[in-house]
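Visitor: Residues per chain, in single letters:
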Amino acid sequence: MSAEVETLPGPLPGGDRLKEIGAAAARVLIPVLLALIMGGIILLILGKDPLAYYGYVAKRGLLTWGGLQETFTRMAPLLLIASGLIVAFRAGIWNLGGDGQFLLGAVITSAVAPLLVGSLPDLIVLPFCMLLSIATGALWSVVPAILKARYGINEIITSMMMSFLGTSFANVLIKLFFWDPATTVPQTRTLPVDDRLPRLFGSTVHAGVLIALAVIILVHLMMTRTAFGLKLQVVGANPAAAVHAGLNVAWLTVATFAISAGLIGLAGSVEILGVFGTVRADWNPAYGLLVVPLVFLARFNGYGTIGFVFFFSALMIGGDSAARRVGVPQHFVLVLVALLLIFLAVVEYLDHLRRKKVR
Amino acid sequence: MNQSTAVVAVRNVTKRFPGVVANADVSLDFNPGEVHVLLGENGAGKSTLIGMLAGMQQPDEGEILIGGQAVKIASPRHSLELGIGTVFQHVLLVPSLTVIENLMLGGSWWQRLARGAALKRFRELSGLLGVEIDPDAQVGRLSLGEQQQVEIMRALWRGEKVLILDEPTSMLTPQGVRDLGAVMKRLRDKGVALILITHKLVEAYAFGDRISVLRLGRVVGEIAPDRLKAMTEKQVTDTVIQMMFGTVEAHARDAEILTGRGRAAHRDRAVDRSGAARLQVRDVGTEAERGACPLRSVSFDLWPGEVLGIAGVDGNGQKHLAEVLAGQRHASGGKIEIGGIDVTADGVPERRKHGVRYVTDERLGEGTVGAFSVATNLVLKEIGVAPFWKRGISDWNLIHDHARTQIKRNDIRTPSEKIPVGRLSGGNIQKVLLARELNAEASVAVFNKPTYGLDLQNTRLAHDRILASAESGMAIVVISTDLDELLELSDRIAVMYQGHLAGIVENGPDVERKVGMLMTGAQKDAA
Amino acid sequence: MEGLLTQPFLTALLFGAVTAGVPLLLAGLGEQISEKAGVLNIGIEGMMLFGAYTGFVAAFYTGSFTLGFLAGGVGGAVVASIVMLLCIRFGLNQIVIGIAVTIGFEGLTALLHYFQFSRTYPRLDAAPVIALPGLSQIPVLGPGLFSHNAVVYLAVILVGVFTWMFRSTYVGLNLESAGNKPAALDAAGVSVIKTRALAVLSTGFLAGLGGAYMANVGAGLFVPMMTGGAGFIGIVLAMLARGKPLWVLLGAALFGASLSMTTALQVAGVNVPTDVVQMLPFAMVMLVLVIFARHSVLPPALGLPYVRGDRG
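Chains as they are written, first to last, in the UniProt record's numbering: chain G, 1 to 359; chain Z, 1 to 527; chain B, 1 to 312.
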């Protein structure tokens with residue numbers, strides 16, 4: 001499993017297209033199935049009925065209209081974070097500082113939007129806040145980006161440090177600068193519901209989901225069909241070859257980090273503009289690491305990611321309800337994600353062994 | 001074959017890898033007090049054979065006899081315990097540890113570091129080899145020749161029964177090669193069985209007591225000691241070529257490459273140096289990262305149609321020279337001009353526009369992206385450039401068309417242009433690189449070790465491409481550690497020593513002696 | 001404000017610094033072993049957390065702190081064995097598996113805790129303390145630095161032991177080679193896989209012990225996600241220490257001090273959001289990285305699986 005993915009249009013040679021698709025589907029479905037089975041065994045050991053749990057999750061996350069709307073709504077921030085991760089991972093950069101970038105993006109939007117909506121039309125305020133959050137996220141990635149680009153300092157560590165720093169800093173901002181005087185709990189002013197992102201077709205799903213879908217598709221096209229995307233992929237797959245080909249690796253690294261963190265900042269903004277309208281101190285949904293497995297599962301393919309994000313959103317929404325009803329804490333979802341990641345790696349390893357034998 | 005004297009013998013050994021038979025029914029004896037040369041080109045199965053003796057791999061069929069007993073050599077450790085020491089082609093020492101620490105490596109973890117005993121053994125072996133090295137020197141700071149001596153010591157550390165040397169001269173100066181020859185003689189006279197792997201006939205004749213010739217995984221002939229002693233170098237050459245190719249004449253060019261004796265025929269062109277130089281390099285220097293050798297004030301001129309060979313032991317700044325010419329390394333001082341235009345500050349894309357091309361020696365390391373398709377790799381240095389990209393949007397159809405044309409024109413053996421380049425053989429990857437670099441607009445080309453690791457056929461192809469490019473008027477720099485190759489290709493030969501251009505000599509009679517002196521750091525007046 | 005320089009305050013500050021610093025020290029020392037051997041152990045957070053959980057449960061049911069610490073170490077090593085199998089044996093991506101291990105054990109420990117204790121957080125008794133004779137009588141310093149649980153002294157002793165081990169034992173040579181030139185170690189007849197496996201298991205044990213100390217001594221209870229990034233700080237410490245255990249000790253002391261400051265300032269009633277103080281150690285790391293960027297050298301083979309026959 002690595003960042004070495006190059007997506008070429010058209011079928012691969014030397015084989016049946018159907019066979020390729022089948023193999024790809026197997027590579028994806030087998031880990032999912034194994035993770036669900038293993039998770040079920042853990043539930044059994046803990047004395048819970050896995051079928052009842054999964055059944056309830058499916059019902060609440062997918063099969064009721066209310067649940068399905070929640071699932072769609074939850075997809076917005078996850079898709080945007082996933083877009084950010086796809087850009088970074090394809091360029092071989094481990095931006096694991098998503099939580100900090102997300103929260104700062106959210107805080108900036110929630111601080112600025114309520115102040116502006118009175119005096120400016122929403123059509124200007126909302127995009128302006130999104131841009132501001134993009135800039136904030138990008139800004140928060142500058143130090144790890146430069147350390148990586150200039151000195152080759154491992155960005156995993158630095159982006160994580162910045163993330164811890166960012167989560168605390170978000171709280172500081174709320175408590176010292178943006179505390180809504182009308183509340184006793186530290187939180188920002190609330191954006192009135194009417195000024196938030198519009199709902200779609202009379203549902204509770206907001207327009208941010210469409211933005212997120214558009215972004216992830218654009219990111220996918222950028223990575224597969226433009227010179228810029230190919231350059232990023234060269235840097236990711238073989239930095240020495242990038243230098244050899246005369247690419248400005250340092251600049252591309254900084255650009256990658258900025259785009260990646262900017263999109264994750266946008267995720268924070270959209271979540272506020274679409275759902276919450278305010279940020280409370282100590283709020284941290286910790287989506288950053290959770291989206292990583294989904295992106296891997298889709299092998300950094302934007303379209304595939306949409307599918308997995310949908311699946312995972314349903315799992316989260318269903319899992320939240322199941323925590324109350326079936327008595328399995330939502331932490332179980334973390335275990336499932338980890339199992340998914342591990343089985344994905346193992347299946348890919350076995351696949352690699354098999355191919356090696358065939359060759 | 002005399003069963004009783006062999007310390008190690010292989011009997012009917014066969015080893016297969018997916019798609020290839022690396023060794024087929026190989027039987028050989030290795031006797032004490034004898035230098036047994038395994039001669040063959042790249043891919044003949046020499047490395048696989050020693051890999052099995054060193055315990056890295058196990059034979060699929062056949063057996064290995066130690067002192068007449070069939071033994072399964074299960075691991076490198078087992079091999080060492082059996083008294084078989086191996087010096088591999090690539091340095092296998094830990095650069096951050098000292099000499100004595102490297103030699104102590106491999107002790108059981110519950111034991112205390114037995115420094116005293118180790119030093120005693122170290123002195124013993126120093127005496128045996130006739131070398132002097134500081135046991136507390138950090139290995140990374142030693143010369144490659146000294147590092148090799150440390151490797152030989154380590155190979156002999158647990159008993160001096162059998163010593164395997166895999167292409168040991170490839171990184172040595174002529175002086176270093178002579179020293180190594182002396183060490184081998186001493187060891188042989190002490191009764192060690194030496195196995196020398198090489199693809200150079202000259203070395204086989206100079207150092208060997210017995211020569212076995214391998215081709216395509218099989219032993220195709222053997223010259224026993226009595227016979228070898230009675231033969232002249234010419235007779236040995238003819239006999240070996242006969243063994244490898246069936247006839248002396250049929251593969252004249254292959255034989256030339258093998259013996260390194262073919263150059264005279266090809267360098268009869270005179271270079272016209274009356275016009276302006278195509279490439280002018282003046283006092284160019286670079287900054288080194290830790291452990292690398294920078295360039296120090298290098299100057300030379302190169303005319304159209306001329307081939308300048310750069311000789312020297314690896315690690316004397318050749319890599320920096322290639323990179324600074326290609327524009328992928330920043331020059332810390334000096335000036336580079338192409339056709340009178342100052343390009344010192346230009347990066348790779350700008351230099352390419354001026355016709356500069358660079359065929360790197362790290363074909364998979366930096367030359368290509370192994371996981372990407374052949375098609376993408378063929379345009380790797382033109383990402384974003386028309387016609388393959390219009391306003392930054394990729395035209396994949398055109399890129400693939402282009403690839404198919406190139407594949408056909410350059411005889412690149414691949415099932416399709418969409419196959420990851422990393423799955424091709426070394427020779428075909430080199431063809432991809434040559435196709436990418438040597439197009440019509442090229443005017444200055446730098447080749448770094450252009451035939452490193454290639455088999456005879458691909459070596460010949462690469463040489464032909466280089467000579468044809470020169471013929472067409474390109475100015476060419478060829479960097480190589482293989483002097484024979486430079487003698488065949490170059491009009492002039494320059495020697496790099498510790499980042500300096502120690503001197504430039506015309507290719508001609510007596511050039512080997514001059515180059516040899518320059519390589520050891522003798523000053524310019526030698527030439 | 002004048003309460004800041006009183007004796008009890010300073011004592012509490014020092015005592016807190018040690019308590020907060022020891023888990024970081026253990027994690028950092030553990031990660032150092034892995035990094036030396038060429039393994040980037042991102043899963044260390046998960047190892048600490050599982051160690052904290054198993055350590056707490058063992059101590060809670062047996063009433064024995066010794067057993068608790070042992071169980072913590074073993075718990076960490078169990079998690080490490082997953083990394084060992086998947087990354088060292090199979091050569092799978094160390095970062096991906098590391099993330100999986102961290103996420104997974106965040107979830108699993110929370111889950112197990114919930115099924116064990118529902119929403120209650122039972123406390124342990126105060127952990128036994130060894131007051132060093134003589135030293136512990138010194139005012140301020142004595143109760144602050146020299147009256148601690150045995151694990152604290154063990155951790156400090158380990159710094160010396162590791163320094164000696166890295167420099168003058170075969171283990172040290174092997175670890176160094178496994179990270180710098182694994183092929184050389186292999187050629188010398190020592191298994192790279194086993195060397196790295198041993199390193200990862202040791203990391204797991206130390207991280208687990210650190211987690212158990214956090215739960216049993218530091219907090220006296222187990223709370224889900226209680227390690228809060230301590231493992232990641234351990235990774236940073238190991239990275240900056242460049243193979244020198246003493247530097248891990250110094251780094252852990254600095255981090256411990258700034259974490260301790262957080263609590264101490266609250267106790268003293270200083271009106272600064274705790275978040276500001278919480279930022280300090282991370283800000284400090286970033287600052288150190290920016291200043292010393294050029295000097296943090298990692299083993300060349302770090303993060304790469306070893307395959308015999310590959311060059312390097």
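Be a bit skeptical, because a hint or two may be false.
As the list claims (entries may be wrong) - Okay, the calculated bits of chain G under chain B, using three or more residues with CB under 8 angstroms as the criterion: (1) 69-77; (2) 171-184; (3) 212-224; (4) 260-266; (5) 288-299; (6) 327-334.
Honestly, the hints are just simulated from the structure, not real lab data.
A virtual CB, placed ideally from N, CA and C, is assigned to each residue, including glycine.
Visitor: Hints first: check each against the structure and report whether it holds.
Guide: Hints and how they fare:
{"no.": "1", "hint": "69-77", "in the structure": "violated (count 0)"}
{"no.": "2", "hint": "171-184", "in the structure": "holds (count 4)"}
{"no.": "3", "hint": "212-224", "in the structure": "violated (count 0)"}
{"no.": "4", "hint": "260-266", "in the structure": "violated (count 0)"}
{"no.": "5", "hint": "288-299", "in the structure": "holds (count 5)"}
{"no.": "6", "hint": "327-334", "in the structure": "holds (count 6)"}
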